[in-house]
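Novice: Given the structure of chain A, go ahead and fit chain B onto it with the hints provided.
Taken in order, these protein sequences are the chains called A and B. At position 77 of the first sequence (counting the first as 1) the number is 77 in my numbering, and the numbers step up by one without a gap. At position 64 of the second sequence (counting the first as 1) the number is 64 in my numbering, and the numbers step up by one without a gap.
Because the hints were derived from the structure by calculation, they are not lab data. Nothing here was measured: the structure is a model prediction, and the numbers come from that model. One or more of the hints may lead you astray.
Same chains, same label: a pair holds when it works inside one copy or across any pair of copies.
Listed below are the simulated SDA-like cross-link pairs for lysine to any residue, each with C-alpha atoms no more than 20 Å apart in a straight line [to be verified]: (1) Lys61 <-> Ser11; (2) Lys10 <-> Ser24; (3) Lys23 <-> Ser11; (4) Lys49 <-> Leu28.
2 protein chains.
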Amino acid sequence: DGDINAGAQKSAACTACHGAQGKSSVPLYPNLAGQNAAYLNHALQAYKKGERSGGQAEVMKAFVAGLSDEDMADVSAYYGSLKP
Amino acid sequence: DGDINAGAQKSAACTACHGAQGKSSVPLYPNLAGQNAAYLNHALQAYKKGERSGGQAEVMKAFVAGLSDEDMADVSAYYGSLKP
Numbered sequence: 001d002g003d004i005n006a007g008a009q010k011s012a013a014c015t016a017c018h019g020a021q022g023k024s025s026v027p028l029y030p031n032l033a034g035q036n037a038a039y040l041n042h043a044l045q046a047y048k049k050g051e052r053s054g055g056q057a058e059v060m061k062a063f064v065a066g067l068s069d070e071d072m073a074d075v076s077a078y079y080g081s082l083k084p
Numbered sequence: 001d002g003d004i005n006a007g008a009q010k011s012a013a014c015t016a017c018h019g020a021q022g023k024s025s026v027p028l029y030p031n032l033a034g035q036n037a038a039y040l041n042h043a044l045q046a047y048k049k050g051e052r053s054g055g056q057a058e059v060m061k062a063f064v065a066g067l068s069d070e071d072m073a074d075v076s077a078y079y080g081s082l083k084p
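Chain A extracted, bound-state conformation (with noise of 0.2 Å):
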């Protein structure tokens, strides 16, 4: 599992579409807070393995492309952990 403390570290690039407490600002994003944890995980997986395209796929693929496993279930632990 991640940890949700790191996550809030590793989070900083999230926050210009997905809003600074995972609320996104625009409307064609996602919330990230409250969602569940292995969820986000998988996703982010997704992006990284191809799975997802159109969109902003590409930018969210960019994004993971940096991104270690740990990385992900962190990030994951911590939006999964804020008050949706």
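Specialist: Quick look at chain B alone, frame taken from chain A:
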């Protein structure tokens, strides 16, 4: 934009995995309650266009195959309207 009440009536098939009120009982599946409706609609369209694979994507593709653009907008409006 979708019709919340119509979406509620069309959401029966979603509840098995995403919960009666859009809160998933399975951590690997996403909560839908309070998610941005525009994002939910985008995600449904992405499944329909074959832009997502892996995980439960095949299950989602099977479900959305029977949904019109209006159906997807309605269901998205409904889940977006629920308390997260």
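Novice: All hints, please: hold or fail.
Specialist: Hint check results:
For a Cα distance limit of 20 Å, the shortest separation of Lys61 from Ser11 inside one copy, 15 Å, qualifies, whereas the shortest one across copies, 31 Å, does not. For the identical chains of this complex, Lys10 and Ser24 are intra-copy neighbours only, at 17 Å inside a copy versus 26 Å across copies, given an alpha-carbon limit of 20 Å. For the homomeric pair Lys23 and Ser11, the shortest alpha-carbon distance inside one copy (13 Å) is at most 20 Å, but the shortest distance between copies (24 Å) is not. With identical chains, the CA atoms of Lys49 and Leu28 are at most 20 Å apart between copies only, with a shortest distance of 17 Å across copies and 22 Å within one.
Checked against the numbered hints given earlier, the structure satisfies every one of them.
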